[in-house]
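Chains A and B are the protein sequences, given in the same order. Each position in the first sequence, counted from 1, maps to that position plus 16 in our numbering. Each position in the second sequence, counted from 1, maps to that position plus 50 in our numbering.
Keep in mind that a hint or two might mislead.
DSS-like mimics (lysine-lysine), calculated; alpha carbons at most 25 Å apart, straight line [what the hints assert, rightly or not]:
1. A:Lys91 - B:Lys201
2. B:Lys87 - A:Lys38
3. A:Lys273 - A:Lys91
4. A:Lys76 - B:Lys201
What the simulated footprint calls covered on chain A by chain B, stretch by stretch (three residues with Cβ under 8 Å from a Cβ of chain B suffice, anywhere in the stretch; the number is not a length) [to be verified]:
5. 39-48
6. 102-112
It should be emphasised that the hints constitute simulated quantities derived from the structure, not laboratory data. A virtual CB, placed ideally from N, CA and C, is assigned to each residue, including glycine.
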Amino acid sequence: MDATTKYIIKTTDLSIGYASKKHISTIASNLNICLEPGNLVCLLGKNGIGKSTLLRTLTKVQPELGGTVLINNAKLETLTNADLSKTLSLVLTERLPDSSLTVYELVALGRQPFTNWIGYLTTNDLEIIQSAFEQTNTQHLMNRKCYELSDGQLQKVLVARALAQDTPIIILDEPTAHLDLHHTINTFSLLKNLAKNFGKTIIVSTHEANLAMQLADELWLMTPSKFISGKTATLIEDNSLDQLFDSELISFNKTLKQFTVNHS
Amino acid sequence: MVNHLKSYKNTFIILLVVLLIFCLINISLGSVYIPFKQILLTLTSGEVEKDSWRTIVLNYRLPKAITAILVGSGLSISGLLMQTLFRNPLAGPFVLGISSGASLGVAILILGASFFGASITSYAFTNFGLAIAASSGAFLVLAAVMLAAIKVRNTMSILIIGLMFGSLTSAVISVLAYFSSAAELQQYMFWSFGSLGNLSWQEIIALFTIYIIGVSMVVFIIKPLNSLLLGENYAKSMGVNVKQTRNITLIATSLLTGVITAFSGPIAFIGLAVPHLTKLLFNTSNHKTLLPAVAISGAIVMLICDSIAQMPTSEYTLPINAITSLFGAPIIIWLLVRKRKIYY
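Excised from the complex, chain A in its bound form (with noise of 0.2 Å):
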C-alpha cells in the first residue's frame, strides 16, 4: 500500500488565497498538513489570517493556488461535490436563512447524499438520523422549529445534522462564537467526544485558545510568518505558540497552558 494510506488529510505545498484575472493575492502559503484520523484539531490563528481560507480551500469551496490536497487519498481537484459531501461534513458560521423547518427536518437533510432523487428516508437513514441525535444529546428538541431554539441548541443540531451525514470528516468553522463559556464547553467536549468515541476526525477553527490546549489532539497554528502543525504536547513544549500572536500584550505561559496577559 502506498505510504499516504494513513493519512485522513495531507497537503502538499498547500498555497491558499484568491486568485481573479488581474493577479493573485496569496494568503498563507507551504502548508504541509499530515492528518490521522480519529483526531479533534483546533485551527487557531489571528483574525483575518486566513482560517476560513484554509477550511474553505479544504472544503472545496475555493480552488487551492497551489499544492495539492488528498482527502481520504483522493485528490481533491478530481472529487465532485456528491463525492466530497460523503467524506466531509460542515458546520458553517453564517446564520441559517429563515425557515420553519423542525430540528428532525433540519438533521434530516443531512442524509440528502445518500437518498434516492426525491429524499426518501430508508430504515437505515432513519437509525443514523436517531443515533446523530443521540450522539448530541438533542432528542428532546426533535420536534421543536429551529427559530424557537437557542444559539446553543441549535449549535449541538447542526453538529447532528454534520453527524447524520456520517462522513469521516467533520468541520467547524468558529462553532462557538456566539456561545457563552458554558455552552463552549459543552460543544468541545462534545466534539472530542465524537473523535475519541467515534473515531471521527474533526477540523474546528477557534478563537478558544485557551480551551484547544487542554481538548485538542492537534493545533494548527496559523502565524503571520508560518503555519505550523503538530500535537498539542509537542507544539507547547517547542515554543511554537509563542508566535501565534505577535503582541507584547499576550504570551503563552507553559506550565499553566494557557495564554496569559502581560500586565505592565
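Using the hints provided, position chain B relative to the given structure of chain A.
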C-alpha cells in the same frame, strides 16, 4: 424506526374536497342560470333539458374552470420557487420582472405591429402568437435578472434589479403605446386586465402541456430545494449542484409564468400571496409538502376570484386582475396581523 416527519394526509384530503366544491360552484355561476342538477348531468354525460346549457358548460364554463386551476396553481408554484431560490418573502414572478417581461413581449407584438407593417388580424395575433411573444419576453427578462444575480450575491440587490427591469420594460411599453393606434392599444389593455375565459380546448391543451413540463421539472428539484433552505454553502456541502438547481428553477418558472401570462394576461397577487397563505396553513418549509399544497391552494384561490369576477347573476365580468388584488390582499394582511410571523 419512527419517522418524525409530520404527515399532512388529512389536510390534503380536505383541500382537495374544497377544490372540488369551488370548481363546481365556479361552473354553476354565470350570466345564464343553469340548475345545478343539469350541470352535474352535463359533466357526467347525462341527458340535459336544453342543448344550449350543455354548450355553455362544456365550451365556456368548464374550459374557464380548468384554466383557473392551471393558472392559479402554476403561478403559485412559480412564486414559491422564487421565494426559495432568492430566500426572500417578497420574491414572486411579478416582483422579479417575469410578468413585465411577458407584457413587453406581448406589447412588442401588438403595439409594435405597425412598425413591422403587420396586420392585427394575422396569425401572429392569435393566442398562440401571444403565448410565444409572452414566453420569450418572460425568459429574456428572467435571464437578465439571473445574470445580474450571479454577479451580485446580495439578495436585496437582486430584487431591486428585478424591479428596475420591471420599470425598464414599462418604459418601453409606454413608448410603444404612444406610437400605437387606438385599436392596438385597446387589444393590449384587454390582454393586461387578465382573463381566464376565451380559451379554446386546443389552447388549453397547449397551456396544459407546457404546465406539465414545468411542473415535472419542479418535481425533480424538490430535494435540492430543501437543502437550499439551509443556504447555498450547506447545500453544496450536501452534494447539491447549486448552479444546475438554479437553472432548472429558472427555466421551470419562466415556462410556467410565461405560458400562463401569455394565455391569461399578467395576473397579479396570486404568485406572491398564495405561498404565504399556504405556509400559514401548513406551517412547514418542506417542499415535498409545500409544492402540492401551494398548487392546490392556488387553484382554489383562483377559482374563488374567478367566481367573484363573474359577478353572479349579472351580465358583466370584472377584470380578474382587479379581483385577485382587491379581495386577496386584505385577506393576507388580516392573516399576518392576526397570526404571526411566517418563516420561510
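Consistency of the hints with the structure:
1. A:Lys91 - B:Lys201: It is violated: about 30 Å lies between the C-alpha atoms, which goes past 25 Å.
2. B:Lys87 - A:Lys38: violated (76 Å)
3. A:Lys273 - A:Lys91: violated (37 Å)
4. A:Lys76 - B:Lys201: Judged against 25 Å, a Cα distance of about 20 Å means the pair holds.
5. 39-48: violated (count 0)
6. 102-112: This one holds; 7 residues, not fewer than the three required, reach chain B with a Cβ under 8 Å.
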